[in-house]
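Chemist: Please build the complex by placing chain B on the supplied structure of chain A, with the hints as guidance.
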Amino acid sequence: MKFPCICRRRTPALILGALAIAAVGVASEMPKIDLTSGDPAAGKAIAMDRSKGNCIACHLIIGGESPGAIGPALIAMQTRYPTKEALAIQIWDATVKTPEAAMPPFGRHAILSQKELADVVAYVWTL
Amino acid sequence: MNKTHLMLTALGLVCALGSPLTAASTPQEDQAVFQNYFKQRFPHVPPDDFKNGAYALDPVGRENWEAIEEFPPYEAAIDNGKTLWKTPFANGKTYADCFPDGPGIAGKFPRWDKDRGMVVTLPLLVNECRVANGEKPYGYFLGPLAEINAYMAFESRGQIINVEIPADDPRALAAYQKGKEFYFARRGQFNFSCAHCHMGNSGSTLRTEILSPAFGHTTHFPVYRSKWGEIATLHRRYKGCNEQVRAKAFEGQSEEYRDLEYFMTYMDNGLELNGPGARK
Numbered sequence: 001m002k003f004p005c006i007c008r009r010r011t012p013a014l015i016l017g018a019l020a021i022a023a024v025g026v027a028s029e030m031p032k033i034d035l036t037s038g039d040p041a042a043g044k045a046i047a048m049d050r051s052k053g054n055c056i057a058c059h060l061i062i063g064g065e066s067p068g069a070i071g072p073a074l075i076a077m078q079t080r081y082p083t084k085e086a087l088a089i090q091i092w093d094a095t096v097k098t099p100e101a102a103m104p105p106f107g108r109h110a111i112l113s114q115k116e117l118a119d120v121v122a123y124v125w126t127l
Numbered sequence: 001m002n003k004t005h006l007m008l009t010a011l012g013l014v015c016a017l018g019s020p021l022t023a024a025s026t027p028q029e030d031q032a033v034f035q036n037y038f039k040q041r042f043p044h045v046p047p048d049d050f051k052n053g054a055y056a057l058d059p060v061g062r063e064n065w066e067a068i069e070e071f072p073p074y075e076a077a078i079d080n081g082k083t084l085w086k087t088p089f090a091n092g093k094t095y096a097d098c099f100p101d102g103p104g105i106a107g108k109f110p111r112w113d114k115d116r117g118m119v120v121t122l123p124l125l126v127n128e129c130r131v132a133n134g135e136k137p138y139g140y141f142l143g144p145l146a147e148i149n150a151y152m153a154f155e156s157r158g159q160i161i162n163v164e165i166p167a168d169d170p171r172a173l174a175a176y177q178k179g180k181e182f183y184f185a186r187r188g189q190f191n192f193s194c195a196h197c198h199m200g201n202s203g204s205t206l207r208t209e210i211l212s213p214a215f216g217h218t219t220h221f222p223v224y225r226s227k228w229g230e231i232a233t234l235h236r237r238y239k240g241c242n243e244q245v246r247a248k249a250f251e252g253q254s255e256e257y258r259d260l261e262y263f264m265t266y267m268d269n270g271l272e273l274n275g276p277g278a279r280k
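Going down the list, the protein sequences come from chains A and B.
Note that my numbering gives residue 12 to position 12 of the first sequence, counting from 1, and the numbers run on in steps of one.
Note that my numbering gives residue 149 to position 149 of the second sequence, counting from 1, and the numbers run on in steps of one.
Chain A with its partners taken away, still in its complex shape:
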């Protein structure tokens, strides 16, 4: 039982068993966001706040309490992301890189404002 979606070149890597969700990421491009003026302290608060970013619900972040384990540890970010912009795209909409990603599209679905997104990027960039 496989549901390869024929309008994608390949089915997404994460096929839940073979009961696939061939979700076609309707990715809209990230607009230009000013990433230079993000405030890491504000970003940290957002990342830990259940009603905001709540990154800690899914990611181990050093210094954060009771982290979840759905996503990878947010650590050594600068060695893995060449630019803040690349990191911002991941947080804007994780399905751009991984169509099946189980991470909310914080920018695309306006879960965070552009200012909040810039703050979170500034914070995560320090990890």
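These aren't lab readings, by the way, just hints derived from the structure by calculation.
Owing to the predicted nature of the structure, the values given are computational and were not obtained by experimental measurement.
Don't take each hint at face value.
Below are the PhoX-like pairs computed for lysine-lysine, each with C-alpha atoms no more than 25 Å apart in a straight line [what the hints assert, rightly or not]:
1) B:K227 - B:K280
2) A:K52 - B:K227
3) B:K108 - B:K178
4) B:K39 - B:K82
5) A:K52 - B:K136
6) A:K32 - A:K52
Modeler: Just chain B now, kept in the frame of chain A:
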């Protein structure tokens, strides 16, 4: 039109609509793939232990839970439900007039009702029994209906889930397919499907909560959750999980939730009923 052609057409349609899933496989195939997925993902879990949800995976949580089960928090609900079951309506009749086989019939639900052309569930029929006897319907999430449901679940313990999708009515298969699509559709501001949490990330943690595997999800409802401080129905759980991803929840016993229950319970075929349950 042969099968392959049909399948491709469906896929094309699905892609065009951007909808996440199509209907290429039979329910029997789905069920085998689904159950094997969990057996392979959790090879150390004896298959009949999936009825215990997250506690099948988490030894520490399980210890607490087993201690709780010594003095089950749902006991009062069973007692209240039993009283309600026995108390006659204003017209002198009782639930037993609607359910001549008695309260222990959860293993027969949900089931396809051919005459009505819809999936019927036990809570739905309990409320319909009330209305037919001139009583007010109860709410579908909490309270007396969940208590009657708890009593009936208790009386049904040990029955083996065996949901059927009758071949002589294509609408039954269509309802199953709708439930399946619901299960795999991303929804809400967070853009998650049920499967994201309860298949792909089952066994992982969301904050401190271990995500239970989907296999076994329907065995033990209604459930007393310490977090809620009360007993609630399966559809109350659906609502909570919809709202967690900031999606709009549906009404209790809506067609959406009944079809979802039909799909999910069919996936659980072969497991034992062990409701009502207790969860942290």
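Chemist: Work down the list of hints and note, for each, if the structure agrees.
Modeler: Structure-based check of all given hints:
no. : hint            : in the structure
1   : B:K227 - B:K280 : 6 Å, holds
2   : A:K52 - B:K227  : 22 Å, holds
3   : B:K108 - B:K178 : 21 Å, holds
4   : B:K39 - B:K82   : 37 Å, violated
5   : A:K52 - B:K136  : 41 Å, violated
6   : A:K32 - A:K52   : 22 Å, holds
Of the numbered hints given earlier, the model fails hints 4 and 5; all others are met.
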